[in-house]
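Order-wise, the sequence lines are chains G and W. Everything in the first sequence is counted per our numbering, starting at 1 for the first residue and increasing by one. Everything in the second sequence is counted per our numbering, starting at 1001 for the first residue and increasing by one.
These aren't lab readings, by the way, just hints derived from the structure by calculation. Beta carbons are placed, not taken as given, at the ideal position from N, Cα and C, and that holds for glycine. Zero decoy hints are in this set.
Among chain W residues calculated to face chain G with C-beta under 7 Å, some are:
#, residue
1, Asp1193
2, Ala1194
3, Phe1196
4, Tyr1197
5, Thr1199
6, Ser1200
7, Arg1201
8, Gly1202
9, Val1203
10, Pro1204
11, Leu1211
12, Ala1215
13, Ser1218
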Amino acid sequence: MLIIDNLHAEVDGKPILKGLSLTVNAGEVHAIMGPNGAGKSTLSYVLAGRDGYAVTGGSVTFRGEDLLAKEPHERAAAGLFLGLQYPVEIPGVSNLLFLRTALNAQRTLRGEPEVSGAEFMKLAKAAAEKLGLPFDMMKRAVNQGFSGGEKKRNEMVQMHVLKPWLAVLDETDSGLDIDALRVVSEGINAMRSPDHATLLITHYQRLLDYVVPDHIHVLMDGRIVHSGGADLAHKLEAEGYSAIAA
Amino acid sequence: MSALPTRRDEAFRYSDLAAVARHWPVAVEPVVVPAGETHADLIVTTADSPVIRHLAINVGAGAACRYTIIDGGRDYGRIALDVTLHDGADFQLGCVLIGSATQTIELVTTVRHIGPNATSRQIVRAVAGGAATTTYLGQVAVAREGQKTDSSQSFKAILLNRGATANAKPELEIFADDVKCAHGAAIGELDKDALFYMTSRGVPKPQARGLLTRAFLSDALDGLDEAAVETLDAVITARLEAAA
Chain G
1 MLIIDNLHAE VDGKPILKGL SLTVNAGEVH AIMGPNGAGK STLSYVLAGR
51 DGYAVTGGSV TFRGEDLLAK EPHERAAAGL FLGLQYPVEI PGVSNLLFLR
101 TALNAQRTLR GEPEVSGAEF MKLAKAAAEK LGLPFDMMKR AVNQGFSGGE
151 KKRNEMVQMH VLKPWLAVLD ETDSGLDIDA LRVVSEGINA MRSPDHATLL
201 ITHYQRLLDY VVPDHIHVLM DGRIVHSGGA DLAHKLEAEG YSAIAA
Chain W
1001 MSALPTRRDE AFRYSDLAAV ARHWPVAVEP VVVPAGETHA DLIVTTADSP
1051 VIRHLAINVG AGAACRYTII DGGRDYGRIA LDVTLHDGAD FQLGCVLIGS
1101 ATQTIELVTT VRHIGPNATS RQIVRAVAGG AATTTYLGQV AVAREGQKTD
1151 SSQSFKAILL NRGATANAKP ELEIFADDVK CAHGAAIGEL DKDALFYMTS
1201 RGVPKPQARG LLTRAFLSDA LDGLDEAAVE TLDAVITARL EAAA
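Generate the whole structure from the sequences, applying the supplied hints.
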């Protein structure tokens, strides 16, 4: 699904990723943990193709294609979804308009027919219901006035409607209370299937109690320094990153 | 108002003076809204519209007047509104200025509250692309008799690229002591975070910019019915594409 090979990237001329390699297969859930400044968010932005994140070496292959050669919207159409730590508010653009525009733009790029208004409403309603987001909120401007938890639920709603092959979720658990964390975790778990993969980027092991990953990687100073199974999370929590890396 | 304006005239500081000279003098068009009555007007300019318009709008006691203006689509355009509000009169303005290429689009408003209890609400949104210039000069003047005036004026402009210009000059002149006058002016760019967010969800960049720009303008169309907005949208969308 995703093969990251010796990836180097910099921001404002400062090297952040320094030879990161990682392979995520279909059906797997991987978690990347690491201290502040390790390069976790940089990795997610590099994968999504954000301006200002310059790749200086290495490669990323996504479903057999060179991901780095694609524009951000083409990466989305290819099946990559980036769940943001701080979902953006967009005044004046409703959630429904935004999501339908995104879905149909992706479908058009893939050579699939657009979904009709009625079909789309059905998809959006079902996703909102499953993730506990009142449907009325979908009619409001994107994330405007949403609480932290509502924004994250909205990210999950978008993910469920867009149905990506790979979801990269950057600190999706930050700012969530226990109830919201449970709903969001269920949203992530509901996407688990032999065809899909998830890459969780997180600070804390808390989320990993609900979404149990197949593999956990420790990211420090721009590289994966240690990998293990689900039990690694608790060890990290108990002993800290530096003890593991040493 | 017959002498040809120069750069020293404050109201023409940012004008395309060569274009002004070609179309000078300009006849003032009187608009009278009699006491207690309601008047609504829509101005959508095209390349064939009068280049400069100067309207003197007199809104009688208790009368209400609303102007919706979509200006753009021409090399130079200037609309000046001189509004006089009597006791309890209401004036509403929603205006969209869109400039592309080397266009210069100007809106100049003077709203005079000469009687008590009058209200005015002006929302002006400008988008400038290419090497275009959009200008808004807006004065609100409250006379000594204008007690309990409630007035608001909001101007926001977005520059779609570095060659574009937006000028704003909001001005308040208040001689009454019991008034509410709010005004704000801001000039900026499209929100980069929002653009990235939209593209990362699959919306191509030009489409994302279009959606954000259109959303930015929507305040100026507040209060219009859906059918009217839909009609205006066709013009707005075409102009935004030209400016993008």
